[in-house]
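The task is simple: from the sequences and hints, build the whole structure.
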Amino acid sequence: MSIFQFYQPLTGVVRHLLILNVLMFIGSYALLGNESWNQQTGEVINLGRLVLAVYMPGSEHFQPFQIVTHMFMHGDLGHLAFNMLSLYFFGPMVEMAFGSKRFLFYYLFCGLGAFALHIGVQWWELEQAGYDPRTFNGAMLGASGAIFGIYVAFAYLYPNQIISLLIPPVSLKAKYFVLIMAGIELFYGFRGHSTGIAHFAHIGGALFGFGLLMYWYRFRFR
Numbered sequence: 001m002s003i004f005q006f007y008q009p010l011t012g013v014v015r016h017l018l019i020l021n022v023l024m025f026i027g028s029y030a031l032l033g034n035e036s037w038n039q040q041t042g043e044v045i046n047l048g049r050l051v052l053a054v055y056m057p058g059s060e061h062f063q064p065f066q067i068v069t070h071m072f073m074h075g076d077l078g079h080l081a082f083n084m085l086s087l088y089f090f091g092p093m094v095e096m097a098f099g100s101k102r103f104l105f106y107y108l109f110c111g112l113g114a115f116a117l118h119i120g121v122q123w124w125e126l127e128q129a130g131y132d133p134r135t136f137n138g139a140m141l142g143a144s145g146a147i148f149g150i151y152v153a154f155a156y157l158y159p160n161q162i163i164s165l166l167i168p169p170v171s172l173k174a175k176y177f178v179l180i181m182a183g184i185e186l187f188y189g190f191r192g193h194s195t196g197i198a199h200f201a202h203i204g205g206a207l208f209g210f211g212l213l214m215y216w217y218r219f220r221f222r
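Mapping of the sequence shown onto the working numbering: residues 1 to 222, in sequence order.
Treat each hint with caution, since some may be false.
To be verified - Taking CB as the label site, the calculated pair distances span: (1) Arg-134 to Val-170: 21 to 27 Å; (2) Leu-23 to Tyr-131: 31 to 37 Å; (3) Ile-184 to Arg-218: 24 to 30 Å; (4) Ser-164 to Arg-218: 28 to 34 Å.
Hints in this document: simulated from the structure, not taken from any laboratory.
All C-beta atoms, glycine included, are put in the ideal place defined by N, C-alpha and C.
Shown next as structure tokens:
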């Protein structure tokens with residue numbers, strides 16, 4: 001049985017997260033879609049991303065609320081579509097197992113964990129290269145860290161559930177799907193070449209999600 005055959009109707013929190021992410025994406029272009037010119041770098045900056053994406057703590061662009069808002073921002077339509085399709089297919093079964101409140105807490109916790117690991121690794125890399133991390137103005141945005149946490153929860157709850165992928169067209173058990181995804185992120189994360197993707201954010205979401213699952217199911221509820 002594939003995840004598509006096992007699909008359940010949309011649950012409350014998943015539905016609201018889908019709507020919020022889409023509205024934030026539209027708003028970042030329509031309501032806050034004005035652009036400004038960065039005289040130092042020559043970049044054209046979308047003001048919606050400038051305000052709502054998250055920057056390095058200490059950066060001139062950093063604001064505390066960005067730690068949350070960046071989870072609902074996406075760089076382009078493909079980025080949004082991939083994350084929302086993942087939430088659409090994996091999220092309802094996890095929410096039904098957790099309950100709505102715990103699912104929302106888990107989702108946000110994984111997103112915050114993604115931010116923490118990404119910033120920690122990036123800070124260390126910049127210091128090793130001789131830069132002051134507080135002068136770095138690169139931004140992070142996206143729900144991918146939270147989504148990787150959802151992958152981990154799904155595999156933990158339904159390890160032998162068959163997942164049918166479109167690209168590549170293969171079917172495999174959820175536990176192997178997560179291991180492969182984690183391996184890919186680790187490979188590119190430690191490879192050291194910039195791909196424009198926050199690989200350690202994905203790893204952070206998965207690790208923090210796994211840690212929370214261990215606390216809930218191995219210690220708190222045994």
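Kindly indicate which numbered hints from before are broken by the structure, ordering the numbers from low to high. 1
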